[in-house]
Amino acid sequence: MIIYFFPFQMDENDTFLDAEVKYQKMKNKECYGVKASHKTPLSFLKSSDTLYIVAHGNTSVIGTGQQLGQR
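For the sequence shown, position 2 (counting from the first letter as 1) is numbered 1 according to numbering that gives the first Met the number 0, and the numbering increases by one without interruption.
Check each hint, because a few of them may be wrong.
Claimed, not checked - Within a straight-line C-alpha distance of at most 20 Å, the following computed EDC-like cross-link-like pairs (lysine to aspartate or glutamate) qualify:
1) Lys45 / Glu29
2) Lys21 / Glu11
3) Lys34 / Glu19
4) Lys28 / Asp10
5) Lys34 / Glu11
6) Lys26 / Asp48
7) Lys38 / Glu19
8) Lys34 / Asp17
9) Lys24 / Asp13
10) Lys34 / Asp13
11) Lys28 / Asp17
12) Lys24 / Asp48
As the list claims (entries may be wrong) - Now the in silico label distances, taken between C-beta atoms and shown as ranges:
13) Tyr31 / Asp10: 18 to 24 Å
14) Asp10 / Tyr51: 16 to 22 Å
15) Asp10 / Ser46: 29 to 35 Å
16) Tyr51 / Asn27: 14 to 20 Å
17) Met9 / Ser46: 26 to 32 Å
18) Leu50 / Met9: 14 to 20 Å
19) Asp10 / Ser42: 16 to 22 Å
20) Ser47 / Glu11: 26 to 32 Å
21) Asp10 / Ser47: 17 to 23 Å
22) Leu44 / Lys21: 18 to 24 Å
23) Ser46 / Glu11: 27 to 33 Å
24) Phe15 / Leu44: 16 to 22 Å
Don't read these hints as lab results, they were simulated from the structure. All of these numbers come straight from a predicted model, not from anything done at the bench. Backbone N, C-alpha and C fix where the C-beta goes; we use that ideal spot for every residue, glycine too.
Generate the whole structure from the sequences, applying the supplied hints.
Here's what the structure looks like:
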């Protein structure tokens with residue numbers, strides 16, 4: 000099973016996930032999306048699952064504690 004984890008709430012998440020689910024189903028693979036919150040458990044994952052963390056587009060602010068547009 001493939002799990003896409005979205006740590007950021009963006010409008011593009013649903014568009015991406017819809018297209019990806021269709022693509023993976025064509026390859027006979029299960030695919031799901033998880034919208035994150037501070038209470039999102041990932042304990043349902045198995046060691047055979049594949050987890051992708053889908054980050055937002057501006058990677059320069061990841062891990063810096065800065066908000067977009069502020070330096």
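Here's how the hints hold up against the structure:
1. Lys45 / Glu29: holds (14 Å)
2. Lys21 / Glu11: Holds - the C-alpha atoms of Glu11 and Lys21 are around 16 Å apart, at most 20 Å.
3. Lys34 / Glu19: holds (15 Å)
4. Lys28 / Asp10: violated (25 Å)
5. Lys34 / Glu11: Measuring from Cα to Cα gives roughly 12 Å; hence the hint holds.
6. Lys26 / Asp48: holds (16 Å)
7. Lys38 / Glu19: violated (25 Å)
8. Lys34 / Asp17: With Cα atoms ~13 Å apart, Lys34 and Asp17 stay inside 20 Å; holds.
9. Lys24 / Asp13: Holds: Lys24 and Asp13 sit about 16 Å apart, inside 20 Å.
10. Lys34 / Asp13: holds (10 Å)
11. Lys28 / Asp17: Roughly 14 Å separates the two Cα atoms, so the pair holds.
12. Lys24 / Asp48: Holds, at about 16 Å.
13. Tyr31 / Asp10: 18 to 24 Å: With Cβ atoms ~19 Å apart, the hint holds.
14. Asp10 / Tyr51: 16 to 22 Å: holds (19 Å)
15. Asp10 / Ser46: 29 to 35 Å: For Asp10 and Ser46 the Cβ distance comes to about 33 Å; the hint holds.
16. Tyr51 / Asn27: 14 to 20 Å: With Cβ atoms ~18 Å apart, the hint holds.
17. Met9 / Ser46: 26 to 32 Å: holds (29 Å)
18. Leu50 / Met9: 14 to 20 Å: holds (19 Å)
19. Asp10 / Ser42: 16 to 22 Å: Violated, at about 28 Å.
20. Ser47 / Glu11: 26 to 32 Å: holds (29 Å)
21. Asp10 / Ser47: 17 to 23 Å: Violated - the Cβ-Cβ distance for Asp10 and Ser47, about 32 Å, lies outside 17 to 23 Å.
22. Leu44 / Lys21: 18 to 24 Å: Holds: the Cβ-Cβ distance is about 23 Å, inside 18 to 24 Å.
23. Ser46 / Glu11: 27 to 33 Å: holds (30 Å)
24. Phe15 / Leu44: 16 to 22 Å: holds (20 Å)
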